[in-house]
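Asker: Letter by letter, the chains look like this.
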Amino acid sequence: MSRILPAPWLSLFLLIVWLLLQNSVSVGLIVLGAILATAIPLYTFRARDFPLTIHRPGTAVVYFLVLLVDIVVSNIDIAKIILLPRKKIKPALIEYPLDLTNQVPITILACTITLTPGTVSAELSRDGNTLLIHALNVEDVDALIATIKQRYERRLKEIFQC
Amino acid sequence: MLELPTWADYLASFFIIIGASFAAVGSYGLLRLPDFMTRLHAPTKNTTLGVGGIILGSIVYFSVSDSLSLHELLIAIFLFMTAPISAHLLAKAGLHLEYKMISSTRDLREHPEDYSDKSQHTAKERDSERAD
Chain A
1 MSRILPAPWL SLFLLIVWLL LQNSVSVGLI VLGAILATAI PLYTFRARDF
51 PLTIHRPGTA VVYFLVLLVD IVVSNIDIAK IILLPRKKIK PALIEYPLDL
101 TNQVPITILA CTITLTPGTV SAELSRDGNT LLIHALNVED VDALIATIKQ
151 RYERRLKEIF QC
Chain B
1 MLELPTWADY LASFFIIIGA SFAAVGSYGL LRLPDFMTRL HAPTKNTTLG
51 VGGIILGSIV YFSVSDSLSL HELLIAIFLF MTAPISAHLL AKAGLHLEYK
101 MISSTRDLRE HPEDYSDKSQ HTAKERDSER AD
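Chains A and B, in that order, give the protein sequences.
If you count by our numbering, then the first sequence holds residues 1 to 162, one letter each, in order.
If you count by our numbering, then the second sequence holds residues 1 to 132, one letter each, in order.
Check before you lean on any hint, since a few could be wrong.
Selected chain A positions facing chain B (Cβ under 8 Å, derived; list incomplete) [unchecked claim]:
1) 21
2) 71
3) 74
4) 79
5) 92
6) 94
7) 114
8) 121
9) 123
10) 132
By construction, these hints were calculated from the structure, which means they are not laboratory data.
Cβ atoms here follow ideal geometry from the backbone N, Cα and C, with glycine treated the same way.
One chain only, chain B, in its complex shape:
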């Protein structure tokens, strides 16, 4: 173990605790929130700060104990690029499969059927029935 000055010890611990607690809250939210779309919010948001806090802690620890170390920032860059994309794809899949949303959800879409695979299918069926 490397010896750190006290302030760096506290600073690194602070960031790691912040990061870990946000990651824990995010996982708990995944469990607790009521439907698919709202569950999506917990991990996508809280992992960014969860990982961010741990990265900051790592930067403080290695920069103080060794020499300036910033390559942890790459993790943050890649996470910021990829996390929204996976969230977008999950949300899109949820919409297209018409997962039930809780009743308090206000649906302000003008044409909800545009976003669904199921009703498109039925629309096609309707057309073919009409053709018959």
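Next up, chain A with everything else stripped away, as it sits in the complex:
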């Protein structure tokens, strides 16, 4: 990465957050935001010990959209389970084998799992190879693991190339 912009995506994110906070767009605000978006990553870069670059921004956008759709679907699923009292639920504690090694993608995957259909990530094992997932209502455990691998972990691997 260049010296002036050590983390371009973080800078972009900060600029967007700045403009959202101001809730308006003008030249002066963009200049001030650009200064902040350059200065803050430069100042905090020393504290980041996990150098990581996004290789496929397009896949990241697809990932985010898939996540949004899944959140809506999961909400409807959970609402159904809550509102149909006769339905017998089948919770499970699952150990999910991780292919990812880097901390940041694992964190994103854990957050994704918590946000999506009936699953909460509960714990990362001490060796960092498995993620413990609590599922609210699951019939086929292997199918769930395959879905998570296919939908999220594969895309995260593509995005970060690790």
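Model the placement of chain B on the given structure of chain A, informed by the hints.
Answerer: Below, chain B without anything else, positioned relative to chain A:
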């Protein structure tokens, strides 16, 4: 009160009703689900869409009545970052304290004692007893 065109009125109301009803379902789930770990699912999921719906309603209302207003999105961004973390910490605490789970829970952990504070404690005690 600002006057809105009818379509915007209906759209904003639609989003707010969706959001409010999901928030209500989430709270009801917290009350109704059987054990600690399953209760965790209701608020973490339904608040994301609950708050999301109300945020969309707010964006529609203020964008139509005034000028484009998107700073509500910040609420969604921060919520999406923080909600999984609090859920993760609660789940972790529940595991370590070995809260009882309902009997239909399938426990597929290979070493359940790795996730518990209590059995670690007893494991230590066992070691010290053996040493004695």
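Asker: None of the hints should be skipped; say for each whether it holds.
Answerer: Cross-check of the supplied hints:
1. 21: 6 Å, holds
2. 71: This hint holds: residue 71(A) lies near chain B, its Cβ roughly 6 Å from the closest one there, short of 8 Å.
3. 74: With a minimum Cβ separation of about 6 Å from chain B (threshold 8 Å), the hint on residue 74(A) holds.
4. 79: With a minimum Cβ separation of about 5 Å from chain B (threshold 8 Å), the hint on residue 79(A) holds.
5. 92: Residue 92(A) check passes; min Cβ-Cβ to chain B is 4 Å, inside 8 Å.
6. 94: Cβ of residue 94(A) sits 5 Å from chain B, so the hint holds.
7. 114: 4 Å, holds
8. 121: 6 Å, holds
9. 123: Status holds, d = 5 Å.
10. 132: At about 7 Å, which falls below the 8 Å cut-off, the nearest Cβ of chain B leaves the hint on residue 132(A) intact, so it holds.
Checked against the numbered hints above, the structure violates none of them.
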